[in-house]
Amino acid sequence: MLELRLVQGSLLKKVLESIKDLVNDANFDCSATGFSLQAMDSSHVALVALLLRSEGFEHYRCDRNLSMGMNLNNMSKMLKCAGNDDIITIKADDGSDTVTFMFESPTQDKIADFEMKLMDIDSEHLGIPEAEYHAIVRMPSAEFARICKDLSSIGDTVVISVTKEGVKFSTRGDIGTANIVCRQNTTVDKPEEATIVEMNEPVSLTFALRYMNSFTKATPLSNTVTISLSSELPVVVEYKIAEMGYIRFYLAPKIEEDEDETKPQA
Amino acid sequence: MLELRLVQGSLLKKVLESIKDLVNDANFDCSATGFSLQAMDSSHVALVALLLRSEGFEHYRCDRNLSMGMNLNNMSKMLKCAGNDDIITIKADDGSDTVTFMFESPTQDKIADFEMKLMDIDSEHLGIPEAEYHAIVRMPSAEFARICKDLSSIGDTVVISVTKEGVKFSTRGDIGTANIVCRQNTTVDKPEEATIVEMNEPVSLTFALRYMNSFTKATPLSNTVTISLSSELPVVVEYKIAEMGYIRFYLAPKIEEDEDETKPQA
Amino acid sequence: MLELRLVQGSLLKKVLESIKDLVNDANFDCSATGFSLQAMDSSHVALVALLLRSEGFEHYRCDRNLSMGMNLNNMSKMLKCAGNDDIITIKADDGSDTVTFMFESPTQDKIADFEMKLMDIDSEHLGIPEAEYHAIVRMPSAEFARICKDLSSIGDTVVISVTKEGVKFSTRGDIGTANIVCRQNTTVDKPEEATIVEMNEPVSLTFALRYMNSFTKATPLSNTVTISLSSELPVVVEYKIAEMGYIRFYLAPKIEEDEDETKPQA
Chain L
1 MLELRLVQGS LLKKVLESIK DLVNDANFDC SATGFSLQAM DSSHVALVAL
51 LLRSEGFEHY RCDRNLSMGM NLNNMSKMLK CAGNDDIITI KADDGSDTVT
101 FMFESPTQDK IADFEMKLMD IDSEHLGIPE AEYHAIVRMP SAEFARICKD
151 LSSIGDTVVI SVTKEGVKFS TRGDIGTANI VCRQNTTVDK PEEATIVEMN
201 EPVSLTFALR YMNSFTKATP LSNTVTISLS SELPVVVEYK IAEMGYIRFY
251 LAPKIEEDED ETKPQA
Chain Y
1 MLELRLVQGS LLKKVLESIK DLVNDANFDC SATGFSLQAM DSSHVALVAL
51 LLRSEGFEHY RCDRNLSMGM NLNNMSKMLK CAGNDDIITI KADDGSDTVT
101 FMFESPTQDK IADFEMKLMD IDSEHLGIPE AEYHAIVRMP SAEFARICKD
151 LSSIGDTVVI SVTKEGVKFS TRGDIGTANI VCRQNTTVDK PEEATIVEMN
201 EPVSLTFALR YMNSFTKATP LSNTVTISLS SELPVVVEYK IAEMGYIRFY
251 LAPKIEEDED ETKPQA
Chain G
1 MLELRLVQGS LLKKVLESIK DLVNDANFDC SATGFSLQAM DSSHVALVAL
51 LLRSEGFEHY RCDRNLSMGM NLNNMSKMLK CAGNDDIITI KADDGSDTVT
101 FMFESPTQDK IADFEMKLMD IDSEHLGIPE AEYHAIVRMP SAEFARICKD
151 LSSIGDTVVI SVTKEGVKFS TRGDIGTANI VCRQNTTVDK PEEATIVEMN
201 EPVSLTFALR YMNSFTKATP LSNTVTISLS SELPVVVEYK IAEMGYIRFY
251 LAPKIEEDED ETKPQA
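Residue numbers (my numbering), protein chains in the order written: chain L, 1 to 266; chain Y, 1 to 266; chain G, 1 to 266.
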């Protein structure tokens with residue numbers, strides 16, 4: 001039997017909003033340690049990994065490991081019916097082909113049960129090894145979202161270049177070019193407004209803006225975003241989920257076929 | 001001659017917004033007692049009844065009974081031009097085929113006259129007898145609107161079941177089932193947040209969510225809604241209009257052809 | 001070399017929003033006195049004239065007169081990437097076929113450069129002589145915008161009539177007629193809420209609402225609008241730009257072919 005009670009139910013609503021456009025169907029894996037998901041996007045280009053640790057739930061009962069296949073769009077429809085202050089409980093009986101989402105209003109005057117059919121989904125779980133990155137940038141998540149959106153009005157790809165001074169986002173399109181530099185800055189009033197660059201060696205990589213914009217749907221989950229870059233590895237865009245875990249997006253860099261043609265001007 | 005001066009003109013704007021999608025053309029009936037309307041929706045399934053009592057107007061002059069046929073969409077276009085703080089006066093000369101809506105800004109610096117052609121509309125006025133209901137539920141109107149909207153994302157019909165403990169709204173659709181229970185609750189800080197169930201006998205009736213959602217367009221008119229249910233009668237969904245009258249929507253229950261197939265799980 | 005630094009960068013963003021739907025491509029003219037534009041709308045009916053005086057810029061360097069042809073839609077896309085509190089600098093090298101917009105965040109932590117190709121645009125600069133007008137109306141810009149929008153839901157043209165008492169806006173359409181009178185009113189709490197009529201002789205002129213609505217896109221630039229009317233001249237709809245200049249729209253009145261048919265009722 002599975003029963004996971006999450007007092008801050010809005011977290012789960014935000015998680016679904018951040019992945020439902022990227023992934024159609026996925027298995028949620030429940031074990032003693034937590035509630036997690038790993039899935040490729042529908043075009044098999046990006047990977048999303050979610051972890052909500054068991055300690056983050058008010059009540060966490062998971063008698064045996066369980067993999068529940070869900071249509072994320074349908075799950076999102078149901079979670080949208082939860083109020084932002086509601087407590088959400090995820091329930092499943094052993095061997096059942098359904099999952100129940102229970103929403104309790106803070107006053108306990110309104111109790112809702114939404115039952116959804118589970119699906120059989122083939123999926124292979126990729127082992128993602130811990131890796132050394134050339135550069136890790138931590139910055140305000142809203143700033144990163146704004147930059148990806150702004151650059152999308154000019155071009156299709158973004159070059160992310162990290163130096164000691166900061167991080168540069170560049171693009172080029174029919175109407176012109178754009179370069180946005182965020183300087184390393186740790187002397188801010190609020191720690192979440194800092195831009196911090198940890199760099200082992202300079203790195204400059206190109207990514208499809210379409211995916212970056214999709215990842216930024218997770219912005220409501222965290223004030224900051226961490227971008228880990230290495231020339232031989234997919235970029236990791238990570239949003240921490242307060243005291244519970246994270247959502248991580250992985251995307252392989254684009255290989256520039258003709259540097260002179262497509263690389264934005266410095 | 002007709003001259004009805006309504007200081008809180010925004011009420012009339014809200015009334016139009018709550019019925020214009022349900023009813024295309026309708027007769028507004030003016031008499032010494034008040035300004036009223038009774039009309040079937042365009043598919044002849046639901047009935048709407050409006051009453052604004054003469055006492056609610058700052059000035060109310062209606063020399064003889066008058067029935068004015070109006071296109072509600074056009075009337076709504078004109079009323080949208082009134083400011084939310086404007087005083088609205090409805091004027092018509094005897095025998096005239098037009099009606100004039102006058103909007104005065106609170107400072108009297110802006111005065112607008114909108115003149116609209118009247119229409120000849122055949123309509124029969126239904127006598128609606130006072131009836132005994134099995135159960136009457138009073139609840140916050142925003143809560144009822146939210147429930148109808150939420151259930152619409154899952155199914156097409158809602159089963160409303162009243163017991164002593166409270167009222168349950170259920171639906172079933174391709175993606176699953178949903179049950180929302182609102183408990184009777186009278187110990188609230190503000191009286192308009194109470195959910196009150198008056199029950200003579202338990203009742204469980206099925207309605208088309210499309211119409212329920214349409215009725216909830218009247219939500220801005222009142223903090224509370226009253227739902228009167230009886231197995232032999234159309235449901236009445238009533239929104240009181242502050243010290244002036246009401247807007248009531250009537251809708252016949254759906255007859256379940258195969259209870260086991262279509263009834264949501266308890 | 002050209003380098004114009006505007007601390008209140010949001011002004012330039014608002015200027016672009018107010019003209020980009022009216023004009024596709026236009027020359028911005030830079031001289032020692034200021035940054036200006038004059039252009040016909042794409043259907044060659046309305047004229048827009050913009051002036052931002054050099055004194056309004058924190059830094060203004062313009063070595064020689066320069067005319068820069070820009071696609072306003074592309075320019076608007078780039079300016080939308082500037083934050084509302086950003087400082088905007090317009091830069092161009094002599095003989096260059098590009099212009100650069102630089103955006104600096106207030107903290108200087110984020111610096112963006114957007115480079116856009118310039119275009120060759122044929123344009124003749126019209127001399128607009130100073131003229132005497134029959135009547136000049138100054139009123140709150142939001143009120144004027146609201147009136148144009150409201151009347152558009154009824155008809156296609158607006159008759160603007162000025163008398164000593166105030167200004168009347170009238171229209172007529174299939175669903176009826178509308179008259180909105182704004183009374184002269186100088187005894188208001190805030191000067192920008194005043195409606196002031198300066199009249200040499202009464203005037204009544206008809207204009208296409210489509211254009212008037214387009215002009216009101218400049219509303220965010222100023223709390224007040226000035227409408228100058230004369231029976232032999234195009235109307236001038238002017239929005240002052242705080243301590244820097246103005247944006248003016250010119251539109252010829254419509255000649256009524258059959259007064260009785262098309263003129264709204266008094």
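Since the hints were derived computationally from the structure, they do not count as laboratory data. A virtual CB, placed ideally from N, CA and C, is assigned to each residue, including glycine. Fair warning: there could be bad hints in the mix.
[What the hints assert, rightly or not] Straight-line distance between alpha carbons at most 27 Å, and here's what the computed DSS-like set of lysine-lysine pairs gives:
no., chain 1, residue 1, chain 2, residue 2
1, G, K13, G, K168
2, Y, K80, G, K80
3, Y, K117, L, K91
4, Y, K117, G, K168
5, Y, K217, Y, K80
6, G, K168, G, K80
7, L, K117, Y, K217
8, G, K117, G, K20
9, G, K168, L, K149
[What the hints assert, rightly or not] Facing chain L, from chain Y, some residues (calculated, C-beta under 8 Å):
no., residue
10, S153
11, G155
12, I180
13, N185
14, T195
15, I196
16, E198
17, M199
Against the structure, the hints come out as follows:
1. G:K13 / G:K168: Between K13 (chain G) and K168 (chain G) the Cα gap is close to 32 Å, so the pair fails against 27 Å, i.e. violated.
2. Y:K80 / G:K80: Measuring from Cα to Cα gives roughly 31 Å; hence the hint is violated.
3. Y:K117 / L:K91: This hinted pair is violated, its Cα atoms lying about 60 Å apart.
4. Y:K117 / G:K168: holds (22 Å)
5. Y:K217 / Y:K80: Holds, because 16 Å separates the two Cα atoms, which is no more than 27 Å.
6. G:K168 / G:K80: Since the Cα atoms of K168 (chain G) and K80 (chain G) sit roughly 37 Å apart, the hinted pair is violated (cutoff 27 Å).
7. L:K117 / Y:K217: Status violated; Cα separation ~32 Å.
8. G:K117 / G:K20: At roughly 17 Å apart (the allowed maximum being 27 Å), K20 (chain G) and K117 (chain G) satisfy the hint.
9. G:K168 / L:K149: Cα-Cα ~45 Å, so violated.
10. S153: holds (5 Å)
11. G155: Hint on G155 (chain Y): violated, closest Cβ of chain L at ~11 Å, above 8 Å.
12. I180: Nearest chain L Cβ about 4 Å off; hint holds.
13. N185: holds (5 Å)
14. T195: This hint holds: T195 (chain Y) lies near chain L, its Cβ roughly 7 Å from the closest one there, short of 8 Å.
15. I196: violated (12 Å)
16. E198: Status violated, d = 17 Å.
17. M199: This hint is violated: M199 (chain Y) lies away from chain L, its Cβ roughly 17 Å from the closest one there, beyond 8 Å.
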